[in-house]
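A.B. asks: Listed here are the chains, written in short residue letters.
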Amino acid sequence: MNKALIIALSAVSAISFLGSSCRRDVSPETKEVVVYVSEDRVFSEPILKDFEKETGIKVKTIYDTEETKSTGAMNRLIAEKDNPQADIYWANEPIRAVVLKQKGISTPYFSPNAKGIPSVFKDPEGYLTGFSARARVLVVSTEAEPPRSILDYTNEEWKNRSVIANPLFGTTTSWVAAIFTIWGDNKAKEFMEKIKDNGVKISASNGESTLLVANKEFAFSLVDSDDATNVIRDGKPVKQIYPDQEQGGLGCLVLPNAAVLIKGGPNPENGKKLIDYLLSAETERKLAFADCAQIPLHKGVETPIDVKKIEDIKTMDIDYEVVATKLQEIQEYLKEWSGY
Amino acid sequence: MILKIDNLYKSYDAIGAVNGISLNVEKGERVVILGPSGCGKTTLLRITAGFIQPDRGTVTIDEVTVAADGKCFVEPENRNIGMVFQDLALWPHMSVYRNLEFGLQARKIPKKERRKRIDQILVKMQMKQYENSSPNDLSGGQQQRVALARALVSQPKILLMDEPLSNLDLDLNLLLRKEILRLQQDLDITMLYVTHDRDEAFSLATRIILMSHGKIQKVGNVEEVTEYLSDLFNPC
Amino acid sequence: MAKKCTLLLIILLLAVIGLAPVVSMFIKSFFVDGELSFKNYQILFQSKRQWSLLSHSLGLACGTTFITVLLGLPLGTVFAKTDLPLKKLFTVLFVIPLVIPSYILAVAWFYFLGRGGILAELLGANVGVITSRFLFGFWGTLFVIVSTLLPIVIILTITYLRIVDPRLEEAGKLSAGWPVVLRRISIPIVMPGVFLAGLIVFILTLGEFGVPFSLRFEVFPIESFIQFSAFYNFNAATAAAVPLGLITLIVLIIERLFLRKKTFQFRTVGPEETRIMMPLGKKKPLFFIAVSILAFIFVIIPIGVLMIKSFSFSAYHEALVRGLDSIFRSLLYASIGATSLVIFGFFLGYLLERKALRLSFAADSLAIFLFALPGTVISIGLISLWNTQATNFIYASAVIILFGYVAQYTALSERIMAATFSQIPHSTEEAAQIAGAGWFCRLFGVLVPQAKYGMVAAWLVGFIFCLKDLGITMIVYPPAHDTLPVRIFTLMANSPEQVIAALCMIMVVVTCLPLGVLTMVTKYMR
Numbered sequence: 001m002n003k004a005l006i007i008a009l010s011a012v013s014a015i016s017f018l019g020s021s022c023r024r025d026v027s028p029e030t031k032e033v034v035v036y037v038s039e040d041r042v043f044s045e046p047i048l049k050d051f052e053k054e055t056g057i058k059v060k061t062i063y064d065t066e067e068t069k070s071t072g073a074m075n076r077l078i079a080e081k082d083n084p085q086a087d088i089y090w091a092n093e094p095i096r097a098v099v100l101k102q103k104g105i106s107t108p109y110f111s112p113n114a115k116g117i118p119s120v121f122k123d124p125e126g127y128l129t130g131f132s133a134r135a136r137v138l139v140v141s142t143e144a145e146p147p148r149s150i151l152d153y154t155n156e157e158w159k160n161r162s163v164i165a166n167p168l169f170g171t172t173t174s175w176v177a178a179i180f181t182i183w184g185d186n187k188a189k190e191f192m193e194k195i196k197d198n199g200v201k202i203s204a205s206n207g208e209s210t211l212l213v214a215n216k217e218f219a220f221s222l223v224d225s226d227d228a229t230n231v232i233r234d235g236k237p238v239k240q241i242y243p244d245q246e247q248g249g250l251g252c253l254v255l256p257n258a259a260v261l262i263k264g265g266p267n268p269e270n271g272k273k274l275i276d277y278l279l280s281a282e283t284e285r286k287l288a289f290a291d292c293a294q295i296p297l298h299k300g301v302e303t304p305i306d307v308k309k310i311e312d313i314k315t316m317d318i319d320y321e322v323v324a325t326k327l328q329e330i331q332e333y334l335k336e337w338s339g340y
Numbered sequence: 001m002i003l004k005i006d007n008l009y010k011s012y013d014a015i016g017a018v019n020g021i022s023l024n025v026e027k028g029e030r031v032v033i034l035g036p037s038g039c040g041k042t043t044l045l046r047i048t049a050g051f052i053q054p055d056r057g058t059v060t061i062d063e064v065t066v067a068a069d070g071k072c073f074v075e076p077e078n079r080n081i082g083m084v085f086q087d088l089a090l091w092p093h094m095s096v097y098r099n100l101e102f103g104l105q106a107r108k109i110p111k112k113e114r115r116k117r118i119d120q121i122l123v124k125m126q127m128k129q130y131e132n133s134s135p136n137d138l139s140g141g142q143q144q145r146v147a148l149a150r151a152l153v154s155q156p157k158i159l160l161m162d163e164p165l166s167n168l169d170l171d172l173n174l175l176l177r178k179e180i181l182r183l184q185q186d187l188d189i190t191m192l193y194v195t196h197d198r199d200e201a202f203s204l205a206t207r208i209i210l211m212s213h214g215k216i217q218k219v220g221n222v223e224e225v226t227e228y229l230s231d232l233f234n235p236c
Numbered sequence: 001m002a003k004k005c006t007l008l009l010i011i012l013l014l015a016v017i018g019l020a021p022v023v024s025m026f027i028k029s030f031f032v033d034g035e036l037s038f039k040n041y042q043i044l045f046q047s048k049r050q051w052s053l054l055s056h057s058l059g060l061a062c063g064t065t066f067i068t069v070l071l072g073l074p075l076g077t078v079f080a081k082t083d084l085p086l087k088k089l090f091t092v093l094f095v096i097p098l099v100i101p102s103y104i105l106a107v108a109w110f111y112f113l114g115r116g117g118i119l120a121e122l123l124g125a126n127v128g129v130i131t132s133r134f135l136f137g138f139w140g141t142l143f144v145i146v147s148t149l150l151p152i153v154i155i156l157t158i159t160y161l162r163i164v165d166p167r168l169e170e171a172g173k174l175s176a177g178w179p180v181v182l183r184r185i186s187i188p189i190v191m192p193g194v195f196l197a198g199l200i201v202f203i204l205t206l207g208e209f210g211v212p213f214s215l216r217f218e219v220f221p222i223e224s225f226i227q228f229s230a231f232y233n234f235n236a237a238t239a240a241a242v243p244l245g246l247i248t249l250i251v252l253i254i255e256r257l258f259l260r261k262k263t264f265q266f267r268t269v270g271p272e273e274t275r276i277m278m279p280l281g282k283k284k285p286l287f288f289i290a291v292s293i294l295a296f297i298f299v300i301i302p303i304g305v306l307m308i309k310s311f312s313f314s315a316y317h318e319a320l321v322r323g324l325d326s327i328f329r330s331l332l333y334a335s336i337g338a339t340s341l342v343i344f345g346f347f348l349g350y351l352l353e354r355k356a357l358r359l360s361f362a363a364d365s366l367a368i369f370l371f372a373l374p375g376t377v378i379s380i381g382l383i384s385l386w387n388t389q390a391t392n393f394i395y396a397s398a399v400i401i402l403f404g405y406v407a408q409y410t411a412l413s414e415r416i417m418a419a420t421f422s423q424i425p426h427s428t429e430e431a432a433q434i435a436g437a438g439w440f441c442r443l444f445g446v447l448v449p450q451a452k453y454g455m456v457a458a459w460l461v462g463f464i465f466c467l468k469d470l471g472i473t474m475i476v477y478p479p480a481h482d483t484l485p486v487r488i489f490t491l492m493a494n495s496p497e498q499v500i501a502a503l504c505m506i507m508v509v510v511t512c513l514p515l516g517v518l519t520m521v522t523k524y525m526r
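Chains as they are written, first to last, in the working numbering: chain F, 1 to 340; chain Z, 1 to 236; chain H, 1 to 526.
All clues given are correct.
Label pairs and their in silico Cβ distance ranges:
no.	chain 1	residue 1	chain 2	residue 2	range
1	F	Glu336	H	Phe31	23 to 29 angstroms
2	H	Val23	F	Gly248	55 to 61 angstroms
3	F	Thr30	H	Phe31	33 to 39 angstroms
4	H	Val92	F	Glu336	45 to 51 angstroms
5	H	Tyr524	Z	Leu229	54 to 60 angstroms
6	F	Thr30	H	Ile250	47 to 53 angstroms
7	Z	Pro92	H	Cys5	28 to 34 angstroms
8	H	Asp83	Z	Gln155	50 to 56 angstroms
9	F	Pro146	H	Val129	23 to 29 angstroms
10	H	Leu332	Z	Ser11	50 to 56 angstroms
11	H	Val23	F	Lys299	52 to 58 angstroms
12	H	Cys62	Z	Ser11	38 to 44 angstroms
13	F	Lys299	H	Leu332	44 to 50 angstroms
14	H	Lys173	Z	His196	26 to 32 angstroms
With a cut-off of at most 30 angstroms between alpha-carbon atoms, the simulated DSS-like pairs for lysine-lysine come out as follows:
no.	chain 1	residue 1	chain 2	residue 2
15	H	Lys4	Z	Lys71
16	H	Lys4	Z	Lys108
17	F	Lys216	F	Lys201
Please keep in mind that the hints were generated in silico from the structure rather than gathered at the bench. Just so you know, these numbers come straight off a predicted model, no measurement behind them. Here a beta-carbon is modelled for each residue, glycine too, at the ideal position from N, C-alpha and C.
So that you can see chain F by itself, here it is in the shape it has in the complex (with noise of 0.2 angstroms):
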């Protein structure tokens, strides 16, 4: 009995030594912030450490994988909605933070440091706001005259040799809602048919297009510009083509960052000041120079040679809300058009 009694206070103590890294005390607000993460580790932990040092605010994180490995902060932020663990969401793309709004589970806030930023990037109630952005760019291997828009993904001229990441997932999905707001379903649905009878390769993930074109297996896919930008910076022969650049074009489709507060979060407060740190301009200095090579959206601010800047690139002209509510519609007909 003695040795039951000893294992039964050893394994509440092992439980009590686990429970005492638990976080959460109800107000007062403690001196720390929790941020679920979808922007890679590899370049938002330096930006939310240096926030750490600035301010002394302990960051506690959740970060993401690539959408196709695991499923990761989204879901843990949508199932943990009726008692909130996170204070803001630094989401990669704005879809997914137009998608927290509709699910109720953001809550408006004007951060100051927003007023350099367009408002094209930025949800007029507050719900979210955009900052250090992608584009979506052509990564190109060939060496003939090089495609130079998302019309060229049904150009006989590149029948089987072009690839695009699974739409089901991330931005690929973004790009295709996009799409499908700016021409029509009909129209949208016309072109997904006939990238699909021009032969083209459905990839994991634009990490993995990226690569298929710079091992040269393709002559070009839509990627994200990080993605271009990192491979390019890597020694591979490969260029970035911003698509549909010209007069009358379509552009090409940008996509910030968004910073978002969780309604209900334990730290409000200084979820605020992380926001506010996360959209100022030398945190957008800072993404332009790392390898993520985002673009900023404040006017005026620094950047590498490789990374255009803002006012530099003509964008599709969307509403992310439009786009995430089309996104929505379109599932069923996605998952048809990857095979699934």
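Starting from the structure of chain F, add chains Z and H where the hints point.
C.D. replies: Showing chains Z and H alone in chain F's frame:
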């Protein structure tokens, strides 16, 4: 009457292992249950020990009903019974001394008393010099003695023995029969012994219960049972 | 009474920790837009595509099970019963792929066999095209999963062969040579172990998603994954996971029917010297070469690729800087997880083997069902159940990860302990009972000392699975409580290949070191 079994039934998958057995055992008796394999004698023993419960019938030990009609009223550890198993069931990770001490410790017998009892029984079994040995290091006969000592050290009311000598050669078997007799008489302990060996039964028993197909065929002393068996095989 | 209460308590705890979250998810799967509906299941079962994907998964699971048993049984036999040189080293080598997340192995094989891979660089682009075609599709997926799960069959074969009563083999040797004795006596006796290994491999392959998805072989679990990741539809995702659990239960019933009437004679575990070994004689070099080739293919190549990719001081330095805190955390959580699994496995294994309560098969089925379910379903269920103000002390701490481990992996420790208890005669427990020992006294005085090696084995297996777990941990880990696999996966996107490879090599070392230490301690204890 130290043990009373009343109208006991036990079945496994609709096959009756024990079919309406009743028997009484007086204090100090050496009762041997004799029967072929599968006749239900081991089942009867295990019901007495409390490892299985009878479907119907009652088991009373020392005026206390310990089991009846599928229910157990007194757990085996509280029946104050000793048992020697067919495979001896010595604990390989304990020394001979610890094998004997285990039950006494469980019953919260003080250390000095434990030491005294264990020493006494080991001397009786001529196993004192092996008290620190592992059972794995002992011969078959020595292991038998240890198993017997373990069963007796707690001074049980009844000693149950489930074919304890079946794996031994003839010489050892005979030797240990004598030991068992000697001990039983010394300690005046009630013994319920199960075997399929006639010679064993006849040499040990004050009373023999002949079992077959889960039923008692004959109860009697050695002469009565011998006559019964003789009539069975020579009816003329 | 004490026995009954303890066993019921353990079943109840497993039900609360594992079953309750799954049941709550299961109930929700019958709701669409807030209304009771079978729509999620209707869409699933009416879709021809889903049946096609299910057949893919079943084909993959059956193929993997068949090949791992085909290879693992002879390998385990050679390691357990022969005088092959360096067999301990080979055993350790073959275990290594088990400790690495299977997705990482797929990546390693991609580095080796891809069009731009190491083999293509060595032998030319045409070879790269052929190997790339092999890798991407059914055969490549099968190959990678076999290399990950082969160790399970090897380990269980070794474990069971070690406890075959040598007298049975000796009796056979009087009339036949070793090959016949092995084939007709030893191996049939260890069929429960082989079945258990096959069951585990089957379940793990059926639910495998990461490797097939990377290698572009479409399998059934993708539906559940898509519903979670793309549609955020937890109810449909749960519905999509249910068939996996049901198939596993069918396999479990088949296992029970096959094994029910067979008895398997084992002996108390003794020292190695009492085991009978088969001399390989003149065939020793042949066996050595064959085993070496297999080790080279399944282990040396992928690990070698990771080592080559990570071969720089700076890569390891950066890996350690990025991952050090998660390494210690992983070891701690895996240790506590493994200990918890041993406790649950001990009692449930006892319940199963001794049939101590009528609930024994129900409890086993529950554990196996939870093992078969995707970690995502269990995790979301855990969140929905434990993420409340009142239970925040559980949810917002590492205890929630522990709950996930117990829910997902109890089946492993339960079956190992059941096998262990089958070696311990009932009579030793009965002798203790009749001597006056109560339940806990019997437990700690008699059962635990005799079961200790089984408990160590259960701990080691639990440790490996907890350490490499991703499905559960990824979803439920509290902020700043990420483990090493989670850290690797969150760093994978856009981290240099060398750093990721270095982190994977660190993972191998982090897993193998404690295992090695424990094995040596166990040997010393003997």
